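Listed below, chain by chain, are the residues.
Protein chains: 2
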Amino acid sequence: MQTPQRERALVPFAELHGLLASIFERHGASPEVAAILADNCASVQRDGAESHGTFRIPGYLATLASGWVDAKAVPVVTDAAPGYVSVDAMNGFAQPALAAARALVTAKARANGIALLAIHNSHHFSALWPDVEPFARDGLVALAFVNSMACVVPHGGQHALFGTNPIAFAAPRAGADPLVFDLATSAMAHGDVQIAAREGQSLPEGVGVDRAGKPTRTPAAVLDGGALCPFGGHKGSALSMMVEILAAALTGGNFSFEFNWSGHPGAQTPRTGQLLIVIDPARQAGNGFAARIETLVREMRAAGQERQPGERRYLQRAASERDGVPIAATELEGLRRLAAPAGTA
Amino acid sequence: MQTPQRERALVPFAELHGLLASIFERHGASPEVAAILADNCASVQRDGAESHGTFRIPGYLATLASGWVDAKAVPVVTDAAPGYVSVDAMNGFAQPALAAARALVTAKARANGIALLAIHNSHHFSALWPDVEPFARDGLVALAFVNSMACVVPHGGQHALFGTNPIAFAAPRAGADPLVFDLATSAMAHGDVQIAAREGQSLPEGVGVDRAGKPTRTPAAVLDGGALCPFGGHKGSALSMMVEILAAALTGGNFSFEFNWSGHPGAQTPRTGQLLIVIDPARQAGNGFAARIETLVREMRAAGQERQPGERRYLQRAASERDGVPIAATELEGLRRLAAPAGTA
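As given, the protein sequences belong to chains A and B, one line each in that order. The first sequence begins at 1 in the numbering used here and counts up one residue at a time. The second sequence begins at 1 in the numbering used here and counts up one residue at a time.
Hints listed in this document are in silico derivations from the structure and should not be mistaken for laboratory results. Predicted, not measured: the structure shown is a model, and the values here were computed from it. Don't take every hint at face value.
Covered stretches of chain A (chain B as the covering partner; in silico rule of three or more C-beta atoms under 8 Å from a C-beta of chain B) [claimed, not checked]:
hint, region
1, 83-96
2, 245-256
3, 270-283
4, 291-300
Just a sample of chain A residues kept apart from chain B, beta carbon distances all over 10 Å, derived [said to hold, decoys possible]:
hint, residue
5, R8
6, F13
7, P31
8, S51
9, L104
10, F125
11, G175
12, P215
13, G263
14, P265
15, R317
In this text, a Cβ means the ideal position worked out from N, Cα and C, and glycines have one as well.
Construct all of the structure, not just a fragment, from the sequences and the given hints.
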């Protein structure tokens with residue numbers, strides 16, 4: 001027997017986008033920043049990645065109210081070298097910083113074969129795949145790294161130091177949606193630990209440690225001064241360290257353990273950095289890139305990997321474009337109230 | 001009580017290097033290729049990574065005898081774009097191809113901020129960290145990807161498709177040896193499964209599948225038509241797919257499931273490709289890269305991560321430089337016989 005689902009509304013993408021843009025503007029964002037955040041948040045919701053969609057609006061608003069982030073920031077783009085773009089997000093969100101530099105880094109990747117985009121002084125509060133997928137739609141291969149806030153213990157260590165530190169990757173396909181993955185280097189999402197705590201479930205082995213650094217399967221012990229483990233033991237830990245080096249040390253951003261938001265109660269967005277590497281596969285004559293990717297996809301299917309990275313999102317995207325973006329009815333009402341002019345709600 | 005160790009010899013690095021170079025030359029390598037392979041193999045043995053050191057000599061020799069690899073190959077370097085170097089290894093080993101292009105890709109990384117080195121038609125039969133460490137010693141950050149031979153099942157699949165597909169990373173430190181890691185994206189090394197089979201041990205959960213694609217803890221079932229799993233479930237599988245795309249599709253090399261060595265009995269080296277990304281952290285003014293890495297290392301120590309990536313190798317390297325390179329006495333005798341002119345052994 002299925003448990004009854006919360007009542008769902010289906011809202012056209014354009015309407016959701018408009019609602020979200022109004023909300024961001026009403027809570028202090030410039031029109032430019034509001035439009036970019038609305039597009040990001042509505043797209044994530046459209047694609048079914050609900051943990052990073054409209055579910056995040058209360059976190060955005062609490063952060064904006066705290067004064068921790070500048071939602072009117074105008075990113076400063078520096079052309080640092082023929083293959084290197086640096087962006088100071090000016091304590092704003094990472095997505096407007098990326099938008100400000102996207103054309104330049106794309107042009108550099110096409111001219112040089114590879115280019116790097118280093119963003120610092122930035123806040124990333126969404127999924128990472130929306131940052132890389134557009135490069136693949138332009139025929140480019142993209143890798144992205146972003147660090148976050150200390151909640152992951154290095155392998156063999158006792159206290160949290162790394163963020164959940166995701167790595168995202170996108171590669172174009174011939175006549176099909178790109179291959180895209182976005183994976184946290186933590187063993188589990190923090191939200192899933194909270195759900196396990198609420199539902200009285202044990203965690204799988206190897207997911208977390210308690211405040212003494214000892215392995216635990218009790219969600220409350222992880223949440224109460226403990227930490228998440230990296231995925232895959234020492235290997236995931238090494239990758240998480242690499243994300244700190246690339247997204248923070250190299251870009252000039254904060255490490256996940258560095259920023260201090262204690263003066264801003266309600267702040268939830270990590271003030272760190274982000275690095276993107278963009279490659280033009282067409283610069284190497286004769287690699288037949290698009291056809292080769294189709295060979296790989298065909299063989300992955302034949303080996304029994306039924307769903308390719310990104311595929312579930314594309315299926316939900318198509319359904320959302322046909323039927324409207326699914327959202328809990330009560331949540332949609334809440335968004336409408338937040339977007340309404342003062343006094344009319 | 002300690003079990004008695006096999007009798008160990010300690011051989012000066014230069015002597016081991018000379019022995020190995022003689023062996024490679026006597027078995028068909030050009031002097032240039034022999035010197036590079038000898039340096040690689042002796043360095044790996046010196047650093048205590050024995051599974052990729054002199055232990056591999058029989059595999060090299062079987063492969064050379066099979067005619068599968070051209071140990072006299074002269075790599076062809078193409079300056080494909082301002083940030084893109086492509087090398088056709090001409091069916092030779094990957095290390096000479098990298099050596100032929102190292103100066104050019106280093107210069108491009110310094111000039112552009114980032115550069116890419118794509119090697120194809122190459123055989124990689126060693127550890128990956130020796131390929132990246134020298135870039136970090138030159139003050140650069142390096143990432144490397146190499147695919148190998150089908151022995152890893154995609155997550156959720158039934159048969160082997162990916163190689164063990166390692167990822168290596170190196171970053172410079174101020175006044176200390178670089179941070180370097182080299183991790184296979186498989187859950188276990190193939191050699192460790194063979195050891196478990198020999199010793200009658202069970203494998204940990206999640207390491208392998210049998211020939212029907214079903215999870216198994218029986219080493220023989222993995223070895224007999226089964227396959228290894230990726231490390232870390234679907235995340236490691238996605239990373240392994242990324243290595244196939246970067247190291248094979250992008251470079252113009254073979255995927256791990258493609259090459260056919262059936263006409264060359266004894267061949268053990270995968271004929272695939274390799275990709276390196278090299279970044280110059282000094283191109284972004286103000287990131288204070290070297291000092292920032294020291295901050296990260298200090299905090300990783302404080303969090304309880306006692307040994308930093310690469311540290312165990314550096315400790316063994318220092319011991320080997322002081323005392324000589326450790327090697328089983330019988331193995332050293334074998335190398336001396338292989339290196340001796342015909343008729344004198």
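Here is what the structure says about each hint:
{"no.": "1", "hint": "83-96", "verdict": "holds (count 3)"}
{"no.": "2", "hint": "245-256", "verdict": "holds (count 8)"}
{"no.": "3", "hint": "270-283", "verdict": "holds (count 5)"}
{"no.": "4", "hint": "291-300", "verdict": "holds (count 6)"}
{"no.": "5", "hint": "R8", "verdict": "27 Å, holds"}
{"no.": "6", "hint": "F13", "verdict": "27 Å, holds"}
{"no.": "7", "hint": "P31", "verdict": "30 Å, holds"}
{"no.": "8", "hint": "S51", "verdict": "16 Å, holds"}
{"no.": "9", "hint": "L104", "verdict": "13 Å, holds"}
{"no.": "10", "hint": "F125", "verdict": "22 Å, holds"}
{"no.": "11", "hint": "G175", "verdict": "16 Å, holds"}
{"no.": "12", "hint": "P215", "verdict": "13 Å, holds"}
{"no.": "13", "hint": "G263", "verdict": "22 Å, holds"}
{"no.": "14", "hint": "P265", "verdict": "25 Å, holds"}
{"no.": "15", "hint": "R317", "verdict": "19 Å, holds"}
When held up to the earlier numbered hints, the structure conflicts with none and fits them all.
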